[in-house]
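Those sequence lines, one after another, are chains A and B.
Going by the working numbering, 57 is the number at position 57 of the first sequence; the sequence numbering is gapless.
Going by the working numbering, 211 is the number at position 211 of the second sequence; the sequence numbering is gapless.
None of these hints come from the bench; they were simulated from the model.
It is possible that some hints are incorrect.
If you want a taste of the chain B side facing chain A, the calculated C-beta under 10 angstroms gives, among others [said to hold, decoys possible]:
1) 39
2) 61
3) 64
4) 65
5) 91
6) 97
7) 98
8) 115
9) 126
10) 261
11) 267
12) 272
13) 273
14) 275
15) 286
Listed next, the in silico SDA-like pairs over lysine to any residue satisfying Cα-Cα at most 20 angstroms (straight line) [unchecked claim]:
16) B:132 / B:149
17) B:188 / B:174
18) B:190 / B:122
19) A:111 / B:281
20) A:111 / B:14
21) B:92 / A:294
22) B:267 / A:80
23) A:111 / B:284
24) B:120 / A:102
25) B:267 / B:14
26) B:92 / A:194
27) B:190 / B:220
28) B:170 / B:132
29) A:109 / A:206
30) B:92 / A:129
31) A:109 / B:276
32) B:92 / A:302
33) A:111 / B:149
34) A:109 / A:196
35) B:92 / B:178
36) B:267 / A:285
37) B:120 / A:178
38) B:267 / A:112
39) B:92 / A:80
40) B:120 / A:300
Positions of the beta carbon are idealized from the N, C-alpha and C atoms, including for glycine.
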Amino acid sequence: MNRQDTGIFLGVVVLLTAFPVAVSQVEAISHYLDVMIFVGIFSLITMGLSLLMGYAGQVSLGHAAFFGLGAYTSGILCVKLAVSPWLAMVSGALFTGAVAYAVGVPSLKLKGHYLAMATLGFGVIVTIVLNEEVEFTGGPSGLSDVPRLEILGVPIRGELEFYILVWSMVLLVLVFCLNVIHSRIGRALRSIHDSEVAADAMGVETARYKVMVFVLSAVLASLAGSLYAHYVRFLSPGSFDLLLSIKLVMMVVVGGMHSLWGALLGTWLLTFLGNEWLHVFKDFDILVYGAILLFVVMALPEGLVSVGPRLSHMWKRGRESEG
Amino acid sequence: MEKLSLGGQLVQYLFTGVTVGSVYGMVALGFNIIYNVTEMINFAQGEFVMLGGLMMVVCAKFLPLPMAFVLTVAIVTAVGVLMERFTINPLKNASVLTLIIVTIAVSILLKGIAMFIWGKDPYVMQPFSGTKPIHLFGAAVQTQILWVLGISAVVVVLLTLFFRKTRYGKAMLACADNLEAARLVGIKVKFMVLLSFALSAAIGAAAGAVITPISLMEYDRGALLGLKGFGAAVLGGLGSFYGAVAAGLILGIVESLCAGLISSGYKDAVGLLVLLLVLFVRPSGLFGSVEASKIKKF
Chain A
1 MNRQDTGIFL GVVVLLTAFP VAVSQVEAIS HYLDVMIFVG IFSLITMGLS
51 LLMGYAGQVS LGHAAFFGLG AYTSGILCVK LAVSPWLAMV SGALFTGAVA
101 YAVGVPSLKL KGHYLAMATL GFGVIVTIVL NEEVEFTGGP SGLSDVPRLE
151 ILGVPIRGEL EFYILVWSMV LLVLVFCLNV IHSRIGRALR SIHDSEVAAD
201 AMGVETARYK VMVFVLSAVL ASLAGSLYAH YVRFLSPGSF DLLLSIKLVM
251 MVVVGGMHSL WGALLGTWLL TFLGNEWLHV FKDFDILVYG AILLFVVMAL
301 PEGLVSVGPR LSHMWKRGRE SEG
Chain B
1 MEKLSLGGQL VQYLFTGVTV GSVYGMVALG FNIIYNVTEM INFAQGEFVM
51 LGGLMMVVCA KFLPLPMAFV LTVAIVTAVG VLMERFTINP LKNASVLTLI
101 IVTIAVSILL KGIAMFIWGK DPYVMQPFSG TKPIHLFGAA VQTQILWVLG
151 ISAVVVVLLT LFFRKTRYGK AMLACADNLE AARLVGIKVK FMVLLSFALS
201 AAIGAAAGAV ITPISLMEYD RGALLGLKGF GAAVLGGLGS FYGAVAAGLI
251 LGIVESLCAG LISSGYKDAV GLLVLLLVLF VRPSGLFGSV EASKIKKF
């Protein structure tokens with residue numbers, strides 16, 4: 001972490017601490033705490049995606065599947081086999097990591113459109129399996145009564161407790177990811193993004209790094225899935241479909257894919273839009289999503305985080321020309 | 001329904017397979033035309049088929065069939081042209097990632113618009129020449145199947161003539177061969193890109209219009225049709241026209257046999273598994289050349 005990151009990080013921690021207090025004061029927005037828990041869950045996925053897309057330059061349209069694998073592993077183990085939630089969460093992460101490795105090794109040899117299509121195909125296959133294996137997953141009618149998480153035998157019941165748990169995990173992962181991007185691995189990933197051939201020639205083991213970051217992002221998505229399973233306590237295949245994969249990519253792109261902060265900003269904005277502010281549009285929210293995505297990619301290819309620096313740059317230039 | 005012998009059932013599956021297969025083939029042709037000129041994959045390709053189907057349902061209500069068909073193709077072609085003008089054309093030196101995301105954005109936008117206009121329920125359409133099936137090789141065959149096969153054949157023949165005989169077709173082939181060289185001999189590459197979007201939208205619309213009486217149509221069909229069509233395009237070797245058609249037919253038959261003999265729930269997964277296997281094992285496709293695929297961008 002460099003100084004700028006540390007500064008933003010501390011600011012975010014302050015905001016996150018103040019948020020529950022502020023929200024509890026105003027009745028009309030007291031349910032924002034619930035929305036913020038979803039922001040945290042999705043942030044775990046989008047931070048991984050940001051490393052994969054923004055830093056390593058590899059696209060994935062199948063991350064909802066990893067999210068779903070984590071959620072369903074937790075759900076099935078806890079509901080059908082009465083395994084402890086934490087053990088189920090770890091099993092989910094290991095299982096999803098293994099699947100991601102198996103899919104990632106052949107997929108990441110592919111580039112650009114082929115990689116996008118391969119991950120897209122994989123994601124759709126997982127949705128079909130979740131729908132068809134009724135005996136385990138409950139099929140389209142879903143899997144209900146997933147138990148709550150417990151800490152030392154005390155179940156986590158309240159929203160505030162869950163908020164603290166989720167966001168502590170997000171902050172830990174954030175520190176980890178910030179350290180990764182400023183490490184040797186981060187430099188290797190960026191070199192792949194700029195030119196894979198050049199990176200290869202310089203002795204960077206491109207294939208290994210790409211698979212590594214792919215598996216890491218899948219494991220993070222799986223953890224998010226387990227948290228989701230224990231928070232919502234009801235799973236259905238429709239929550240892990242292609243549209244979610246696209247929305248996850250959108251969060252990263254809209255915020256600004258070359259920055260972890262961008263991923264967090266995009267996740268926050270789109271989750272609040274989706275869960276709260278777009279409710280007026282009901283089912284037609286997809287239309288609005290399409291329009292937002294199109295606008296950002298065409299007009300702001302660097303995402304929302306680039307707006308601030310761009311404005312200040314313009315302002316400075318304006319002042320110089322006056323003087 | 002009368003009971004069919006096993007042989008008759010197999011023939012039935014084959015007919016169904018060839019029918020959906022020719023639709024996959026047409027979607028694959030659409031992918032190829034754009035890919036050849038621009039080296040990009042249009043993730044909104046499946047939405048053209050969906051739009052074609054739904055538009056046909058509307059047009060057929062107040063127009064005789066042939067005119068409804070022409071109008072449908074014309075409208076969807078216009079959509080393809082607008083897409084190129086407003087989203088692809090303004091991008092300069094865009095990365096592959098940007099192009100992917102732009103076409104995905106267009107695809108969910110089209111899906112949203114379709115839901116806005118037609119709602120969420122699937123639409124039914126009367127077959128072009130009545131519902132009475134004809135008997136062929138011990139199987140009862142819907143007449144619409146013959147329409148699908150006929151229209152696909154016409155599309156393939158027309159495309160071949162277009163690329164072999166006309167100036168624009170040859171210019172597009174030149175772009176596919178070498179974009180820079182094509183530009184140097186005075187071909188307007190930008191216009192060729194526009195033309196490629198128009199053509200693939202038209203083909204997608206035709207496919208959607210003929211398949212709707214058999215499979216119904218709803219606003220969210222596009223993605224899966226697109227994926228399977230892409231599977232066919234890759235299986236046939238991306239960029240190869242005859243490969244696309246052959247691979248589409250193979251994919252359709254495999255899928256239909258699997259649905260009939262193994263499990264109908266996993267029908268959709270089969271096509272996707274084939275896609276993944278081909279991508280992992282032989283990305284140049286069954287009919288594509290390995291050498292040629294090495295010099296391509298991806």
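Outcome of the hint check:
For residue 39 of chain B, the interface hint holds, the least distance from its beta-carbon to any beta-carbon of chain A being 9 angstroms, beneath 10 angstroms. For residue 61 of chain B, the suggested interface contact is broken, since its CB lies about 24 angstroms from the closest CB of chain A, more than 10 angstroms. A hinted interface residue such as residue 64 of chain B counts as satisfied when its beta carbon comes closer than 10 angstroms to some beta carbon of chain A; here the least separation is about 33 angstroms, so the hint is violated. A cut of 10 angstroms between beta carbons decides the hint on residue 65 of chain B: the least distance to chain A is about 31 angstroms, and the hint is violated.
Checking residue 91 of chain B against chain A by beta carbon gives a least distance of about 7 angstroms; that is within 10 angstroms, so the hint holds. The restraint placing residue 97 of chain B at the interface with chain A holds, with a minimum CB-CB distance near 6 angstroms, inside the 10 angstroms limit. Because the beta carbon of residue 98 of chain B sits about 6 angstroms from the nearest beta carbon in chain A, less than 10 angstroms, this interface hint is met. For residue 115 of chain B, the shortest C-beta to C-beta distance to chain A is roughly 6 angstroms, which falls under 10 angstroms, so the interface hint holds.
Taking 10 angstroms as the C-beta cut-off, the interface hint given for residue 126 of chain B is violated, the closest approach to chain A being about 28 angstroms. With a least beta-carbon distance of about 16 angstroms to chain A, the hint placing residue 261 of chain B at the interface is violated under the 10 angstroms criterion. A distance limit of 10 angstroms between C-beta atoms decides the matter here; for residue 267 of chain B the minimum to chain A is near 9 angstroms, and the interface restraint holds. The criterion of a C-beta within 10 angstroms of any C-beta in chain A is met by residue 272 of chain B, whose closest approach is roughly 4 angstroms, and the hint holds.
Because the closest C-beta pair between residue 273 of chain B and chain A is about 7 angstroms apart, less than 10 angstroms, the hint holds. Hint status for residue 275 of chain B relative to chain A: holds, with the closest Cβ pair at about 5 angstroms, below 10 angstroms. Hint on residue 286 of chain B is violated. Least Cβ distance to chain A is approximately 16 angstroms, over the 10 angstroms limit. For the suggested pair residue 132 of chain B and residue 149 of chain B, the alpha carbons sit about 18 angstroms apart, so the restraint of at most 20 angstroms is met.
A threshold of 20 angstroms between alpha carbons decides the hint, and for residue 188 of chain B with residue 174 of chain B the separation of about 11 angstroms falls inside it, so the pair holds. Annotation: proposed proximity of residue 190 of chain B to residue 122 of chain B is violated, straight-line Cα distance about 37 angstroms (limit 20 angstroms). Between residue 111 of chain A and residue 281 of chain B the alpha-carbon distance is near 14 angstroms, which keeps this suggested pair within the 20 angstroms criterion. With a C-alpha separation of about 35 angstroms, the suggested pairing of residue 111 of chain A with residue 14 of chain B is violated against the 20 angstroms cut-off.
Annotation: proposed proximity of residue 92 of chain B to residue 294 of chain A holds, straight-line Cα distance about 15 angstroms (limit 20 angstroms). Taking the CA atoms of residue 267 of chain B and residue 80 of chain A, the gap is about 28 angstroms. The hint is violated against a cut of 20 angstroms. Under the criterion of a C-alpha separation no larger than 20 angstroms, the hint pairing residue 111 of chain A with residue 284 of chain B is consistent with the structure, at around 13 angstroms. Note on residue 120 of chain B and residue 102 of chain A: the hinted pairing is violated, with a Cα-Cα distance of about 37 angstroms set against a maximum of 20 angstroms.
This hinted pair checks out: residue 267 of chain B and residue 14 of chain B have alpha carbons roughly 14 angstroms apart, not beyond 20 angstroms. Taking the CA atoms of residue 92 of chain B and residue 194 of chain A, the gap is near 18 angstroms; set against the 20 angstroms cutoff, the hint holds. Proposed proximity of residue 190 of chain B and residue 220 of chain B is contradicted: the alpha carbons are some 31 angstroms apart, above 20 angstroms. With a C-alpha separation of about 43 angstroms, the suggested pairing of residue 170 of chain B with residue 132 of chain B is violated against the 20 angstroms cut-off.
Distance check on the hinted pair: residue 109 of chain A and residue 206 of chain A sit about 10 angstroms apart at the alpha-carbon level, within 20 angstroms; holds. Between residue 92 of chain B and residue 129 of chain A the alpha-carbon distance is near 40 angstroms, which puts this suggested pair outside the 20 angstroms criterion. At most 20 angstroms may separate the alpha-carbon atoms for a hinted pair to count; residue 109 of chain A and residue 276 of chain B meet this at roughly 13 angstroms. Proximity of residue 92 of chain B to residue 302 of chain A is assessed by CA-CA distance (about 15 angstroms); at most 20 angstroms being required, the pair is judged to hold.
The hinted pair formed by residue 111 of chain A and residue 149 of chain B fails the criterion: a straight-line CA distance of about 35 angstroms is larger than 20 angstroms. For the hint pairing residue 109 of chain A with residue 196 of chain A, the CA-to-CA distance comes to about 11 angstroms; that is within 20 angstroms, so the pair holds. Taking the CA atoms of residue 92 of chain B and residue 178 of chain B, the gap is near 19 angstroms; set against the 20 angstroms cutoff, the hint holds. Pair hint residue 267 of chain B plus residue 285 of chain A does not hold up; C-alpha atoms about 30 angstroms apart against a cutoff of 20 angstroms.
Straight-line distance between C-alpha atoms of residue 120 of chain B and residue 178 of chain A comes to about 43 angstroms, which puts the hinted pair past the 20 angstroms bound. Distance hint between residue 267 of chain B and residue 112 of chain A is unfulfilled; the C-alpha atoms sit about 27 angstroms from each other, more than 20 angstroms. Straight-line distance between C-alpha atoms of residue 92 of chain B and residue 80 of chain A comes to about 54 angstroms, which puts the hinted pair past the 20 angstroms bound. Annotation: proposed proximity of residue 120 of chain B to residue 300 of chain A is violated, straight-line Cα distance about 32 angstroms (limit 20 angstroms).
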